[in-house]
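From first to last, the protein sequence lines stand for chains A and B. Here this note's numbering is used: the first residue of the first sequence is 13, the next is one more, and so on. Here this note's numbering is used: the first residue of the second sequence is 13, the next is one more, and so on.
These are computed hints drawn from the structure, not numbers from a lab. Among the clues, some could well be false.
As the list claims (entries may be wrong) - Simulated DEER-style distance windows between Cβ atoms:
| # | chain 1 | residue 1 | chain 2 | residue 2 | range |
| --- | --- | --- | --- | --- | --- |
| 1 | A | Leu430 | B | Lys371 | 46 to 54 Å |
| 2 | B | Ser428 | A | Asp240 | 30 to 38 Å |
| 3 | A | Asp408 | B | Asn609 | 35 to 43 Å |
| 4 | A | Asp408 | B | Ile651 | 39 to 47 Å |
| 5 | B | Leu430 | A | Glu566 | 37 to 45 Å |
| 6 | A | Ala687 | B | Ser428 | 29 to 37 Å |
| 7 | B | Ser428 | A | Ser190 | 24 to 32 Å |
| 8 | B | Gly54 | A | Asp478 | 43 to 51 Å |
| 9 | B | Asp332 | A | Ala483 | 32 to 40 Å |
| 10 | B | Ser564 | A | Asp408 | 50 to 58 Å |
| 11 | A | Ala57 | B | Asp562 | 45 to 53 Å |
| 12 | B | Leu430 | A | Gln424 | 23 to 31 Å |
Using N, Cα and C, we set each Cβ at its ideal position, and we do this for glycine too.
2 protein chains.
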Amino acid sequence: MEKYQNPELSALERAIDLTDRMTVEEQCGQLIYDAPAVERLGIPAYNWWNEGLHGLARAGVATMFPQAIALAAMFDADGLHAVADVISTETRAKYNEIPKHGDRDIYKGLTLWSPNINNFRDPSWGRGQETYGEDPYLTAELGKAFVRGLQGDGKVMKTAACAKHFAVHSGPEAIRHSFDAVASKKDMEETYLPAFRALVEDAKVEAVMGAYNRVNGEGACSSNFLMDKLKEWGFDGHFVSDFNALEDFDINHKLTKNQVETAAVAIKKGLDLNAGRVYEHLMEALEQGLVTKEDIRTACIHVMRTRIRLGMFDAETEYDKIPYDVVACKEHKELSLKCAERSMVLLKNNGILPLDLSKYKTIGVIGPNANSREALEGNYCGTADRYVTFLEGIQDAFDGRVLYSQGCHLYQDRTSGLARENDRLAEAEVVAEQSDLVILCVGLDAYIEGEEGDAGNEFSSGDKLDLFLPAPQRLLVSKILAKGKPTIIVTAAGSAINVEADCDALVHAWYAGQFGGKALMNLLTGKTDFSGKLPVTFYESAEKLPDFCDYSMENRTYRNIKDNVLYPFGFGLSYAETVCSNLKVDGMNVTLDITNNSDRATEDVIQLYMKDDAPCAVKNYSLCGFKRVALAAGETKQIAMTLPQYAFESVDENGVRAIRGKQYTLFAGTHQPDAISEQLIGTKCLTTQIIL
Amino acid sequence: MEKYQNPELSALERAIDLTDRMTVEEQCGQLIYDAPAVERLGIPAYNWWNEGLHGLARAGVATMFPQAIALAAMFDADGLHAVADVISTETRAKYNEIPKHGDRDIYKGLTLWSPNINNFRDPSWGRGQETYGEDPYLTAELGKAFVRGLQGDGKVMKTAACAKHFAVHSGPEAIRHSFDAVASKKDMEETYLPAFRALVEDAKVEAVMGAYNRVNGEGACSSNFLMDKLKEWGFDGHFVSDFNALEDFDINHKLTKNQVETAAVAIKKGLDLNAGRVYEHLMEALEQGLVTKEDIRTACIHVMRTRIRLGMFDAETEYDKIPYDVVACKEHKELSLKCAERSMVLLKNNGILPLDLSKYKTIGVIGPNANSREALEGNYCGTADRYVTFLEGIQDAFDGRVLYSQGCHLYQDRTSGLARENDRLAEAEVVAEQSDLVILCVGLDAYIEGEEGDAGNEFSSGDKLDLFLPAPQRLLVSKILAKGKPTIIVTAAGSAINVEADCDALVHAWYAGQFGGKALMNLLTGKTDFSGKLPVTFYESAEKLPDFCDYSMENRTYRNIKDNVLYPFGFGLSYAETVCSNLKVDGMNVTLDITNNSDRATEDVIQLYMKDDAPCAVKNYSLCGFKRVALAAGETKQIAMTLPQYAFESVDENGVRAIRGKQYTLFAGTHQPDAISEQLIGTKCLTTQIIL
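Chain A extracted, bound-state conformation:
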């Protein structure tokens, strides 16, 4: 057995051994994402690019979970872990079979470029749907659980996760290849970096991906500031560039004069793996004396260490026997349905819900997202082997007559180029008139909300122009509501939408995954209770927010805003009435009781928020704990939680995190301690003072 094949040795030792058997040219080859085979050493070709944001993505059939922002709305670290475990299992199941058939190409490997833990600081960002929302603590906790679920706790790593995009990356999409995100030291430490630190320090994430943008003038893939952070946190994996991010260095960022220099700058700073082709110039850079063989060797050791940790040079691993049959199996799909049920957020209910279907003869289902599989998917998705659209879910659950109209195109002013504008509006009006209940399915999909460069993103490269529905849908909603029928609006979108509509009930469904329609009807009919909570603030208007290009957190997120709130962070209604009581704090230990006062089973989310009296603390308060709790009808549970040190820390203008407060206020309840939540839900948070 060669040394690099010996599972008794450390991954680093083995990686050094393997690297040192390669020529420098061979080492350089391994630093590009679609690394070639080194046949004489038995190293097979390996394409590092795979995706698993909410299900194994772009790799053919896989279980499709709700989009990441929806998963965040579950406020459930265990849930994220379970989802990631399924993704990892399906990735392994495919990896056990696909390469045997000669396919070692993109989206077939064990290195998943997920999760996206950027802060969703501005609701316009099209890729905000990929994140866990606007709160650094929530993002860190969910991100850690997700990474642990992907990487597993076996002898070898199950799959490698990747924390992206390091750092401060959050739009605008249209200018991401040349943009300089300027963030203060305080915002860095307070908002943009905590999740990355948590994933590196606590979850031992195997990869970190550098972003496209510059960060305070430095290229994110070659930033002294960011690389120092990784070192400080003890990062022990490999650092990869976003796809073609290095290609931006000379042309767009004007940081270098050509790709040879870019390659040299990047590898010297610690960029191990190049998703792109710039590292094809490494040998030239070596010849010009811009890099040393040791630079190349170090990077190669880092990437080979990851492959060794994944067991790629072991004779066998504990995951080799995962059968293909687990892919999109019944149990995994049931979890997807469960996640969809837990993630949809009930924003408004005047009592029409839960629906008593026996009261209705005809349900009118209207809207461009009603029978759309795309409205279930979100971006970075796989291929489900079964979809249940909203319309299909309603048809399956309701024995009466269902009338359907698309109502309008998702964003264009007509569905047919030969027709006049609003060519489906009359049909939708007729459907509403003929129905005694209307379910209006509106929103976005990844064709208009998403990433720069994706085929369909027609508005602003995937970012939103405002927080309203696209114009034809605004008209549709107003025309249908004018019919005066009981109307439920269901919004599919990866971010905040202000539907501006006085409907009877409003559900924010996110991109709910393959069984979105089934989940929706289970919730609308009360078969399952709503329990999703907003991981982002729904603002009234984008116009009252700071400029999208302004990376200051002032007046952004529930922690710093003073108004402009339509629906608050942490908010979500349910059918049950849950009440918290008996809050006790002992050191870092918190206990409280939660009682379900209703006659139906429910789940709810305990949320802890801390207000810190230090002058540099966030303006309002910060989430410092959350726990999803299942309650039978009438049940009371005592819940124990532990406060993190983070709950007591504040960050000053120099970016120094420390405990400075004298008097802290801990809020505990099933929502934020804000007036809107208290009024809408009808309970106040419990409060206790903590004096340090």
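On the provided structure of chain A, position chain B as indicated by the hints.
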């Protein structure tokens, strides 16, 4: 009451009265397809363009039937009548509501530009899917039934049908705007015109549409030859141009020097209604003395007569009370399912069918058309309110494990631009390996088989390049079959496909309409028996056929070919064994018995073919009768049919149709009297000689 409003008067009298109240400018306005209102006369705006080929099309939600070529495969005039009646009913239901909401735009009216009764002379033609196949008699009989179903038999016309495209129109799509279709007098009378004559003379079709191409040098919309035919047949409706066909006259066909001249030439020849904008030049042509006021008046009388026949100027009609609720109602959708079951053609079965599902643990469903709604639609379709894809149909019917892989893109060499070619092939191979039955769903859809100018038609403007599957699917089929698993191939396509595969069973599903997947599984499991028959010859190779641009019928269709047959016209297998006997002919009356020798209910199609010994008769024989028959297990039915005079006629080189034969041979059975059918089905046709 004004004279034109008086339902006691003839439509012509009323149209004359209405026309003569208009100024000549107003009359000209009514001759363009999106005719404006003439408010002082109470004439509302009217857009003449609507479609109803296999369901009300492009008008929002409607019941979606199988594509026209599939409806033809039912060999069932009553069935076509029932389908058309549903289309007409749904069109009326929408017309009763939509214009009330101010929408009188395209696809909202009562004038349906269907059916397409062109002869499907060459399997390459992308729009062949819209036709009733290659036989003039079948096309005429089905076309008549369809027109009668659309137009109804009420006091007013239910909807107006349109026989298109007059005439000799059948590709190539890429050059249709400049092409001159050269057809002999014999081929005209023998093949290209019979269906048009039948629809005009017998079914009183209300509209005829002139084609894009030239016909023997004349523009199809201004042809002396064609207009003389319409007069000869006593055409009593209005003649409309294909959309923008007149725009081709000066620019592409070089028939006129400008649009003013085109307008003059067309209206003088009898083109009443202009789908396009050329008739905007009519007033100019009048001023230049190129047309007379009487030319314009005559055309206007023709189009207003149609609107009057439709009851548009009656105080009320018998169809005004058709409720919106009929649109896509349960009964209509059940008919769609029934049509899908009757239209799919079982081409091969080595005994694997009907499936005993209890024998299988895992079914692998593979192919780009497996979970594709588009593969159910075909072109000129509406929006179904529920689809059952092949995959969904299989999942719904089978309790065991279903594994799915897309296998490949429909026609591109990869599914992702970042991947290498064949990026879904390994997954498909794994699925096949893990399954004990494979259902391979391949074929085309309207993105690659269809009409010039449609967005997605990437190959040859919608025509097929050959009769094989697109290259990535050919590779997929060969790789999957190499796994040696029991494999059923299901082909969705609007025309002949040679799958070149030694599979266990082969089903040609056409574009099967909204419930294609449910129909497929009802058939595969034997819940319903197969009974569809090919309305076109499936050739072995397009290379052995005459050039696509050659409009001679020599060596085209079962009537004139000598070889190159993969599956014959009229052919289709079933699970039952039906036998015909006791053929008797008395004058034009034919009787025969048909017995179902199996223990399952079935349907089959009696087919009568006549061979004529006249020297100018078609080389082989011609279909001259067909009848769909339902048989219980073990049942015998006596069937009576009447021979049309057509059965004894031949057409000479001068295009003269006459009875010339001395000795006729009548073949009667459930297939063509060809060796391939006889061998594959295992019965011979009954034969009798008729001496005139």
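So, going through the hints one by one against the coordinates:
The beta-carbon spacing between leucine 430 (chain A) and lysine 371 (chain B), approximately 51 Å, falls within the hinted interval of 46 to 54 Å. In this structure the hint that serine 428 (chain B) and aspartate 240 (chain A) lie 30 to 38 Å apart at CB holds, the actual value being about 37 Å. The supplied range of 35 to 43 Å is met by aspartate 408 (chain A) and asparagine 609 (chain B), whose beta-carbon atoms lie about 41 Å from each other. Hint check: aspartate 408 (chain A) to isoleucine 651 (chain B), Cβ distance near 43 Å, so the stated range 39 to 47 Å holds.
Distance hint for leucine 430 (chain B) and glutamate 566 (chain A): a CB-CB separation of about 39 Å, consistent with the stated range 37 to 45 Å. Checked against the hint of 29 to 37 Å, the C-beta distance between alanine 687 (chain A) and serine 428 (chain B) comes to roughly 49 Å, which is inconsistent with it. For the pair serine 428 (chain B) and serine 190 (chain A), the supplied restraint of 24 to 32 Å holds, since their beta-carbon distance comes to about 26 Å. Between glycine 54 (chain B) and aspartate 478 (chain A) the C-beta distance comes to about 44 Å, which sits within the given range of 43 to 51 Å.
Hint check: aspartate 332 (chain B) to alanine 483 (chain A), Cβ distance near 35 Å, so the stated range 32 to 40 Å holds. With their beta carbons about 54 Å apart, serine 564 (chain B) and aspartate 408 (chain A) fall inside the hinted range of 50 to 58 Å. In this structure the supplied range 45 to 53 Å holds for alanine 57 (chain A) paired with aspartate 562 (chain B), their Cβ-Cβ distance being about 51 Å. The given range of 23 to 31 Å is respected by leucine 430 (chain B) and glutamine 424 (chain A), whose C-beta atoms sit roughly 28 Å from each other.
Hint compliance for this structure: hint 6 alone is broken.
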